[in-house]
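Taken in order, these protein sequences are the chains called A and B.
Residue 1 is where the first sequence starts when you use this note's numbering, and the numbers rise one by one after that.
Residue 201 is where the second sequence starts when you use this note's numbering, and the numbers rise one by one after that.
Hints listed in this document are in silico derivations from the structure and should not be mistaken for laboratory results.
We treat Cβ as the ideally placed atom computed from N, Cα and C, and that holds for glycine.
Careful, some of the hints might be misleading.
[To be verified] Straight-line C-alpha distance at most 30 Å; calculated DSSO-like pairs for lysine-lysine:
1. A:148 / B:260
2. A:148 / B:281
3. B:281 / A:138
4. B:260 / B:281
5. A:51 / A:93
[As the list claims (entries may be wrong)] Listed below are several chain B residues computed to face chain A (Cβ distance under 8 Å; list not exhaustive):
6. 351
7. 356
8. 427
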Amino acid sequence: MNYPNTYRLLLIAILASAASCTSLNITNYYHKHHSTLDGMEQVYLNAYNTKPFSIEFTDRPFDHVSLELSTDSLTYIYEFAVGEPRLQDTLLKYGYNPAPINNLIKNMRSMECTWINHLDYYADETRHSLIYISLWPKTFDLPFVNKKYYILTYFSQPQYFDADGDLMTGRRLRRIRKINGETFRKINDKVCYTISAQFR
Amino acid sequence: MHFTPVPPSYRFFLTLILCGLLSVRHGYAGGLPASQANPGNTVPGSSTREQALDYLLKTKIPDSSIYWPDIHRDLFIANLKANIIAPLALYQGTNTNFCGYAALSYLPLHEDPLGYTRFMLTLYSEGKAAWGAAHFNPSPAVRLAAGTLRFKGILDIRPADQLWFLVLADHFRSYLNFFTRHFHPGAENTFWAAVNYGKFNRMIRELFGYRVQAKGSDLIRPDIPDLYDYLTQSLHTGLTYLYVNNTYLHKKNHNKFKGHFPTHFIVLDAIRRIPDQQDMVDIVYWDYGGRTLRQVSMKFLKKITFGVTVCIKQSSPTGPTPHS
Chain A
1 MNYPNTYRLL LIAILASAAS CTSLNITNYY HKHHSTLDGM EQVYLNAYNT
51 KPFSIEFTDR PFDHVSLELS TDSLTYIYEF AVGEPRLQDT LLKYGYNPAP
101 INNLIKNMRS MECTWINHLD YYADETRHSL IYISLWPKTF DLPFVNKKYY
151 ILTYFSQPQY FDADGDLMTG RRLRRIRKIN GETFRKINDK VCYTISAQFR
Chain B
201 MHFTPVPPSY RFFLTLILCG LLSVRHGYAG GLPASQANPG NTVPGSSTRE
251 QALDYLLKTK IPDSSIYWPD IHRDLFIANL KANIIAPLAL YQGTNTNFCG
301 YAALSYLPLH EDPLGYTRFM LTLYSEGKAA WGAAHFNPSP AVRLAAGTLR
351 FKGILDIRPA DQLWFLVLAD HFRSYLNFFT RHFHPGAENT FWAAVNYGKF
401 NRMIRELFGY RVQAKGSDLI RPDIPDLYDY LTQSLHTGLT YLYVNNTYLH
451 KKNHNKFKGH FPTHFIVLDA IRRIPDQQDM VDIVYWDYGG RTLRQVSMKF
501 LKKITFGVTV CIKQSSPTGP TPHS
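This is chain B alone, in the form it adopts within the complex:
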């Protein structure tokens, strides 16, 4: 038998992928201990919409920011206000890979809108900010891009969301960034903006200080014998994210051959069996700026689910740390 030697660059890339997969499997068995879950000793913040709106109203915001030349102040403020009042309407943008960051935003917008507002205003005014264990110092390319993304639906007129997604993608990296390390125009639609499972869980831990109970990986489905029971329990335990294969959930073509890997994060809101239908369930989930109720079979749900992440809140709330 003849084996073709593998070039060193491919070997390196293969090693990176395996590293990525192994790192995800690390959190596979029932979640990480609390000490690992909080590398920066961050504890989840807790605040109300009223506090956030009050802060937004009372904070002096400069007419323009030298750090964000294409962000218009009035649109920026209107965007923050809209996110605080109607957090479910947050939209990742058409044809972008921002779904991981949009799903992630569900947590601060619902649990700590004041922390979110403070962070965003600091970032706007000072060009850098810190949240939890993460210190953000956005690259010049991202600073120039925020506010200029177009043809993305309502994201076109949401400069604060553009800034938030771009800054997160710029800061957090994974093996998916091997070929796309830096932002370039159009990178929001590429692997540069993609979020793999390990990175998603890491972001929640580092930013918001939640204990993350994760089961799943980027390629292999989790071995959960009774998925319905597991998801029901998860919903009682904390905010539950599903990492799913979106080519089946939100079908965009009728091709017979589809990728068998996860591509999308959704927030699971509810799951309930449909009376008189053995295998069918109603699932209620959030993505693309709204909640959806859909009837699916458990077989289908099992087929598309590659990860279940439960975010468990810990005590002693504090907010994000404004950059000093």
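The following block holds chain A by itself, in its conformation from the complex:
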């Protein structure tokens, strides 16, 4: 088939535009939104330390939220429409303070954050923890293309990096640390990022 040159040019322009959209700079993204993102991390950390939980948005319009509420013996997973009264009742029933969780849900929607969680990792047989935030910007939501997520990890203490900015296991043991199977890169001493095909 022969397409006129203008159609070919248009097609190339569309493809180039789509490709450029997927290579957004996460560092710039973080610096642009760091006050909201850091605020979310702090609210989550404080609320998690009171009573553990995770939040997941299950759909692209960010209209449905799934809560994982952890007790000593059981983790409860419930899905709600955002704003549904049942969500508040459930939080109260399991002894959660609804205010920080509602605040997180609101900010997660505005930042297109699909998952926030607390992860343990081990260094020299000692347990450490981090906050794991997955962002699903619209630019990563191309049709017929597997989804990609920006992952931000917030560590409680400064980390070690190599000259390329890859997260390392420690100062003496120069080995790349993987979290959730991914290699992370430096944004600042305590915040790292990666781009992943999985949000958790």
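Once you have looked at the hints, place chain B on chain A.
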């Protein structure tokens, strides 16, 4: 019409897959007879946590083992103790394919912790051990790997669990091992460590001597007209495992196109209908080191369930056979 000839290697691989599927279908109709269920005349062991802890305390354990150079004795003992006291906390590790072995461990840790402890200590001290009909003589690659797996969450500091999972994966094979026959660094995340349905049921029969009532396969969902009733009955009959498609149960991405095959084993603990909601049920299950309660529709549960395995205990308990 023109057909491209299939290369012999592909034909062989295709035959292997079909063999695997057929072997699973063999156990499809209501389980195997008891004689087949116990190839090594193994009968399920039965013991208590107290017996296991007592055995652990009284057994002389060498400071190090020449067979397991990277396993530290104190961590190993602490790991065994933790498994005996809190068996539900057993964790397969982040991004590994050990879920089949972790699910399998639910049985000995709950029903025969002494047998489990004895087996693990024999393996540590002598480098080989037997349990039921299975005689384990781990490969050198696995011996070097146990204790070195990292970035797997709490599995990093659980050398006994690393040893247990690696030894099981090293010993039991299936058609999934066609391309990955031997352990290599990182193999814990590959097909080398994966467990298909036939292998899972075979491991339970050979190791623990349970009669296994299995319905399902690796590709085709079981034809169970009333899944709710069937699962309720199963829970009354014995320990019930579900072989599920985890890309739906434990979603990790929002891709429209997902694999339509099972990838994960869970222990079903309870199922109950939710009042005033026709198709919704609460399911309580164990995986990833904890119990979860989740509300799902029966349609969803049917969609993700590819196998239901019920483990039925037989009489005359004995423990595993320490290697001599």
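Hint check results:
no.	hint	in the structure
1	A:148 / B:260	violated, 52 Å
2	A:148 / B:281	violated, 41 Å
3	B:281 / A:138	violated, 48 Å
4	B:260 / B:281	holds, 15 Å
5	A:51 / A:93	holds, 13 Å
6	351	holds, 4 Å
7	356	holds, 4 Å
8	427	violated, 20 Å
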